[in-house]
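Taking the hints into account, I'd like the entire structure generated from these sequences.
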Amino acid sequence: MGMVPEESNVYTELSAWDNLIFTAQLYRVLANQRNTRARELLETFGLWEYRTVKVENFSKGMRRRLTIAMAIIHRPSLLFLDEPVPGLDAQSARAIREMIRQLNAAGTTVFLTTHDIEEANQLCDRVAIINHGQITAIDTPERLKAAFRQVQSVEVALDPGGRFDRDALGAFSGVTQVIKAGDKWRLYTEDPSSLVHQIVRFAEENGMRVIYLNTLGPSLEDVFLKITGQEMGTVRHENNERGTRRAKMGGRQ
Amino acid sequence: MIRSIRLQRLRDEMAQAWAVTIKDMRVYYLQPPMIMFGLILPFFLFFSFSIKRDVGAEVGIARLLAMTTFFTASSAGPVIIPMERRMGTYDRLMAAPMSLATLLIAQTLVGAFFAFVASAVPLLVGLVWLHVTISNAVLLLAGLLLASLAFSAFGLVFGSIPVQSVGSIMMPSTLIRWPLLFISGIFIPLSEMAPWARALSYLSPLTYAQDVINHAVLGAGYLNRWLDLGVLVVLLIVFLIPAARLHQRSRVLGY
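Note that the protein sequences, when read in sequence, are chains A and B.
Residue 1 is where the first sequence starts when you use my numbering, and the numbers rise one by one after that.
Residue 1 is where the second sequence starts when you use my numbering, and the numbers rise one by one after that.
Hints in this document: simulated from the structure, not taken from any laboratory.
The beta carbon of each residue, even a glycine, is placed where N, CA and C say it ideally should be.
There may be inaccurate statements among the hints.
What the hints assert, rightly or not - Cβ pair distances, simulated, as ranges: (1) 15/B / 77/A: 50 to 56 Å; (2) 251/B / 78/A: 17 to 23 Å; (3) 32/A / 40/B: 39 to 45 Å; (4) 94/A / 145/B: 50 to 56 Å; (5) 170/A / 86/B: 20 to 26 Å; (6) 26/B / 35/A: 30 to 36 Å; (7) 26/B / 36/A: 36 to 42 Å.
The structure is reproduced here in C-alpha cells:
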C-alpha cells in the first residue's frame with residue numbers, strides 16, 4: 001500500500017535522492033533494486049537533474065511529485081492519494097494526472113480523495129460521495145449523472161441581455177433553478193428540448209437574438225451538489241462550504 | 001521455515017531501525033533545540049557549578065560527561081518526534097511496514113548516538129588539554145553507552161506525548177529533568193549527602209550514570225559498578241514501556 005497525504009510530507013533537509021532511498025529502505029525494497037528504482041522514478045517525475053538538491057529548495061509541484069514517487073517506490077498494488085493536485089501549476093497537475101492514469105493502467109488500484117469533482121470525473125472509474133461522514137452515493141460517474149436527469153440544463157445568452165432577467169427565465173415551464181454563469185444563464189430542467197423551444201420563442205417575441213444556446217447533461221458537480229443538498233451554483237462562491245463538505249472519489253481509475 | 005521467516009523479519013526490522021536512525025542523524029543534528037539543550041546547556045551548567053569551586057579536573061570531566069550524556073540523549077526524543085509530527089513525516093514512519101518497537105528503538109538509538117558524540121567533546125578536552133587519566137576505559141565506554149540509551153529512552157517518553165509542538169514538550173520535560181539533575185549525585189557526591197537526600201537521589205537515573213562514570217574516570221564510586229550498569233539497563237527497558245503506550249495513545253488521538 002502507498003499513501004500520499006494532502007501535505008507533501010518529505011524531509012526537506014534531505015535531497016530528493018536521499019528521500020527516495022530512505023523510503024525504499026523503510027518499505028524493504030531490495031538493496032540491489034533501490035538505486036535503479038529511485039533513478040527510474042526521478043526520471044519519470046522530471047526530478048533527475050535535481051536529485052542532489054535539498055528538497056527545501058523545491059517548488060510545491062516538485063515536492064508533490066517527489067511525495068508521489070516516494071509512495072510508489074515499492075510498487076504498491078493499492079495507492080491512496082489525498083488531494084494530489086490542488087494548488088499546483090498546470091504543468092505539474094497535468095503530469096500528476098497522467099502519472100495516475102499510467103499507474104492505474106499498470107494495475108495499481110488508486111483511491112483518490114478530492115474536493116475537485118471534475119478531477120474525479122476525469123480520473124475515477126467509480127466515485128463515492130461522502131456527506132457528513134457517510135457514503136451517500138457510489139457508482140461510476142456516468143451512472144451517477146444518469147440517475148439525476150433533473151439536473152440537466154440549458155445554457156443561453158441573448159442579445160440584448162438587459163431585458164432577460166432571472167424572473168423571466170424562472171417563468172419558463174419546467175425550469176427548476178436559474179443560475180447566472182458569466183454572461184450566460186443556466187436553466188435547470190428535466191426537459192431541455194421543450195425549454196429550448198420556449199427560449200427561442202421568447203427571443204423572437206421580444207426582438208432578441210440568441211447568441212449562445214447549449215444543452216448540458218448533469219455534471220458530476222451537479223450530482224454532488226444535489227446529493228449533498230447544496231443549492232446549485234453555490235460552491236463557486238462559498239469556498240468555506242467546500243471545507244465542510246467533502247467528496248471522496250475512489251476506486252479504480 | 002517459520003524460524004527462517006522470523007529471522008528475515010528481524011533482519012528487516014533492524015535494517016529499518018538503522019535507516020530511521022541514520023535519517024534522523026542527518027536531519028536533526030543541527031536543529032536549534034538540539035544544539036541548545038543537548039550541547040550548550042551542559043557546558044553552561046558545568047561552568048556554573050564548577051568555577052571558583054575546588055573541583056579537580058577528573059571530577060569535573062566526570063560531571064560534564066554525565067550531564068552531557070543526560071541532556072543530549074534526553075533532548076533528542078522531545079525534539080525529533082514533535083517536529084516529525086508537525087511536518088507530517090511521522091505519518092510516513094507510522095504507515096511503513098515496521099513495528100512500533102522498531103521505531104522506538106530507532107529513536108532511542110538516535111538520541112544515544114547524539115549523546116555519545118557530544119560526550120566525546122568533554123572527554124577529548126579532558127584527555128588532551130587537562131591530561132585527565134581514565135581509570136577504566138572499557139567501563140567508561142559501557143557506562144556512557146548504557147546511560148545514553150537509557151536517557152534517550154527517557155526523552156522518548158516525553159516525545160511520545162501527543163502534541164505537535166516542541167515547546168509543548170519542552171516544558172514538562174524540563175520540569176522533570178532539572179529536579180532529576182539536582183537530586184542526583186552530580187553536584188554533591190553521594191557519600192556527602194544526608195541519608196534522606198541519598199535515598200532521594202536513587203530516584204534519579206542520573207545518579208547511576210554519574211556513579212559508573214566516577215568508577216571509570218576516578219576509579220571509585222559510591223555504589224557497585226555492576227549495580228549502576230544493571231539499573232541503567234532496567235531503566236532503558238522501563239522507559240520504553242510508557243513511550244510505547246503514549247505512542248499508541250497518540251495514534252488513537254490522530255497525532
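Worksheet item: What hints, given by number in increasing order, does this structure fail?
Response: 1, 5, 6, 7
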